[in-house]
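**Student:** Taken in order, these protein sequences are the chains called A and B.
Heads up: the first sequence is residues 853 to 1226, going by the working numbering.
Heads up: the second sequence is residues 223 to 531, going by the working numbering.
Careful, some of the hints might be misleading.
Only some residues are given here: those of chain B computed to face chain A with a beta carbon under 8 Å [stated by the list, open to error]: (1) Pro251; (2) Trp271; (3) Ile275; (4) Glu278; (5) Leu282; (6) Glu290; (7) Ser298; (8) Pro373; (9) Glu384; (10) Arg387; (11) Thr396; (12) Glu397; (13) Gly399; (14) Arg448.
Quick list of in silico lysine-lysine cross-link-like pairs, BS3-like style, CA-CA up to 25 Å [stated by the list, open to error]: (15) Lys326(B) with Lys314(B); (16) Lys314(B) with Lys1093(A); (17) Lys1209(A) with Lys1180(A); (18) Lys1180(A) with Lys913(A); (19) Lys502(B) with Lys381(B); (20) Lys314(B) with Lys913(A).
Some chain A residues flagged as far from chain B (calculated, every beta-carbon gap over 10 Å) [what the hints assert, rightly or not]: (21) Gln891; (22) Gln1196; (23) Val1204.
Hints in this document: simulated from the structure, not taken from any laboratory.
By construction, the Cβ of each residue, glycine as well, lies at the ideal position given by its N, Cα and C atoms.
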Amino acid sequence: MEQNGQLSGYRQHLVEALRQHPRRRYREEPGSLQVFVNQECIGTLDCGWGGTSLVSVSQDKPIRVIELRTASGVLAGSLCARDIGVQTARFPVGPHAIEVSICNQLDRGTLRAEFRPAVSFIQRVRRVASATLAAVRRPGWMMRPLPGIAHRTGWGRAAVLSQTALALAVLFLVVDRLADRTGTWKTVTTSAAEKAFVRQEHRLAKLVEQQASVIQAIKVQQRDVARLDRAVAAADRQSRKRHEAEALLLSRLSSEAADRERMWNEIQSLTAAKEALSKDVAVLESRAVVAEARRENSVQPFRFWVSFHDGTSDKSIEELIQGIHGRKGPVDAGWYSVEVNLSQPQSPATFVESLRKTKIVKAVKTNLTTTQGQ
Amino acid sequence: MAQRVDLANLSALVSTVEEFDRLTADTLPDLLDHAAGQTRRYLRETGQWADDIGHEKLALRWGYELVERFLVCGRSEVPCRPLFLLDSLIAKFFSQPNPLCYHKDLCSPLGRFLDGLTSRAVLSRDALTALYYHLYGFGQGGVVQLLGLGPAESQRVYKNFERWRRTGWQRAVTEIGMTEAELRELEIIQNRDPQRLNQEADRLIPMVQEHYRRSEPEHFPCLSRRQWEDLFHHGYGYDYQVWHLALCRDCMAEAYAIRLDGLTETRGVQIDLHLRPLLKGRVASFLWVQRGGGNGTERPAQRISTASR
Ligand SMILES: [Zn+2]
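Bound conformation, chain A alone (with noise of 0.2 Å):
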């Protein structure tokens, strides 16, 4: 009863401790997370200090299942990888975050996971700022995403959408000087202002071979994003059909099960059912060695001699001896000594009666001193 107590006290505490899970993990501090590739600690991400830190491993076999653990244990992150291809995950951490990029092939796996600490807005503004400021500086920024953000598709994308808004403005500004300069310098006609014509032309030239690889930026990348939905949408399908697949595995393993246990059962009532018989056979064995021994105890050796027609040859003689399963003794002036074994319905008399009709007997007498028994 106490024991019973005990029991659903600590199943109470499990359920606890299950239902505070979320809560915990959105909470805590990372402190060093662990790392776990198919169960097996493969490292720890440094997550104190307030910088990146980053894990990875590559083993000659598939990676199965990765966790990811704070120092108090509590699994911030699980992933159940694909058999083969690239799959990539976010874990929220408290305010962190761990990414986590995982590479499947048959007889490979490889895993990066990176711990990415949360920062501030005011550390975010600056940063863009700065980055934005280091790349105009630059020649040719025009072509370059923002750094930092350009490998996440959404800011990648709206980032080269500025840039294009930008270039085509630049675009704009230089033909309307154009315009501007053809109307008012029609009739000045000087070899320096061919020159800056040139030299306009060439940049407007440029700018217009820029402006056609932004685009074909872009559609790269819209390519990409339609690639990655399709592999999304793929890897959905296989997802529900693996699942569908371990369900339909669980569903015969478990009816597999059943069948055992039916089996089992079968076998049991089978077992039970030869022992009741085995005893039956028992019962009946003993009883059977009873009247066995009762007969041998009604039985009465009889002894007689017996003689028979003449041309009669030894052979049949034997035959019958061994027939009536007689025991032979001496044989004396034509009359063979026979003893058997009489059981409990024969009598003499009619035993003597049966065997004086066999076709080979001549005579047959119960005394060797009475002549003629006949």
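Following the hints, put chain B with the ligand in place on chain A, whose structure we already have.
**Tutor:** Showing chain B with the ligand alone in chain A's frame:
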């Protein structure tokens, strides 16, 4: 009947993470019972079962661990049928060689304490560091000196001890299923005859450690005394040191012998079981030791499996 309805819900297709979270939050007791039931079945079928409270608690504990994994991992598996996902997770777990650390002696309160603590140590750095205290009585200072840690790593060890003292230990014993009464009973035995409990722990610890050392195969091999000297001399492999020494008594004895000259806490590496976490007073006394010179090794420790930038 109510449980059957919930399990039916869990077998239906869930198509968003929110739906998954909501459904699993509503059915936690059923999920736990289901996973514990499967664990019980596994133990039964492998001939590792007895009808007693120790075995029941073992089944519940592993059921809990499996559900915890399922709750986190399942979010990345949506769309899915939660119950099937849980079952496939359980099947995968039990298809590993020796998935559980099982020995019938480990179902006693002391066995459960040692097994639970060590299993926790594999998953939690706080618990791992705490093992040095629970098994040998080493405080933070002792651990820092034994491992020859630099300031940054030492700081981490203080944090491990602090978190363990504040919440980690209590949470761990609750999750192991140790009741206050069981702890008190062990303490009574310990007070009456400390050697008896230590000897029993001494007997159980090797089987527990051997099982859980598997969790880090890259680090599995024990090192020779020379290799340990080399490791300490060059100050690398911090992760390996802290992990392996906590889980290997033989290597711990080697390491202790090498470090002996530099230790202020020369308590030896005999098992000196501590059931409760290190109290705060010990932290203060350790800080004093640290200010008075620490371990003398001021180099930053490197980690062999981590590249920070
Ligand atoms: Zn060792």
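**Student:** Each hint should be assessed against the structure and marked as holding or not.
**Tutor:** So, going through the hints one by one against the coordinates:
1. Pro251: 5 Å, holds
2. Trp271: Given a least distance of 15 Å, the restraint on Trp271(B) is violated.
3. Ile275: 5 Å, holds
4. Glu278: 6 Å, holds
5. Leu282: 6 Å, holds
6. Glu290: 6 Å, holds
7. Ser298: 5 Å, holds
8. Pro373: 12 Å, violated
9. Glu384: 11 Å, violated
10. Arg387: Violated - the Cβ of Arg387(B) stays beyond 8 Å from chain A, reaching only about 12 Å at its closest.
11. Thr396: With a closest approach of 5 Å, the Thr396(B) hint holds.
12. Glu397: 6 Å, holds
13. Gly399: 5 Å, holds
14. Arg448: 26 Å, violated
15. Lys326(B) with Lys314(B): 24 Å, holds
16. Lys314(B) with Lys1093(A): This hinted pair holds, its Cα atoms lying about 17 Å apart.
17. Lys1209(A) with Lys1180(A): 20 Å, holds
18. Lys1180(A) with Lys913(A): 88 Å, violated
19. Lys502(B) with Lys381(B): 12 Å, holds
20. Lys314(B) with Lys913(A): 16 Å, holds
21. Gln891: Contrary to the label, Gln891(A) does not stay out of reach of chain B, its closest Cβ about 7 Å off (not over 10 Å).
22. Gln1196: 59 Å, holds
23. Val1204: Since the minimum Cβ distance to chain B is about 72 Å, Val1204(A) lies beyond 10 Å and the statement holds.
Checked against the numbered hints given earlier, this structure breaks hints 2, 8, 9, 10, 14, 18, 21; the rest are met.
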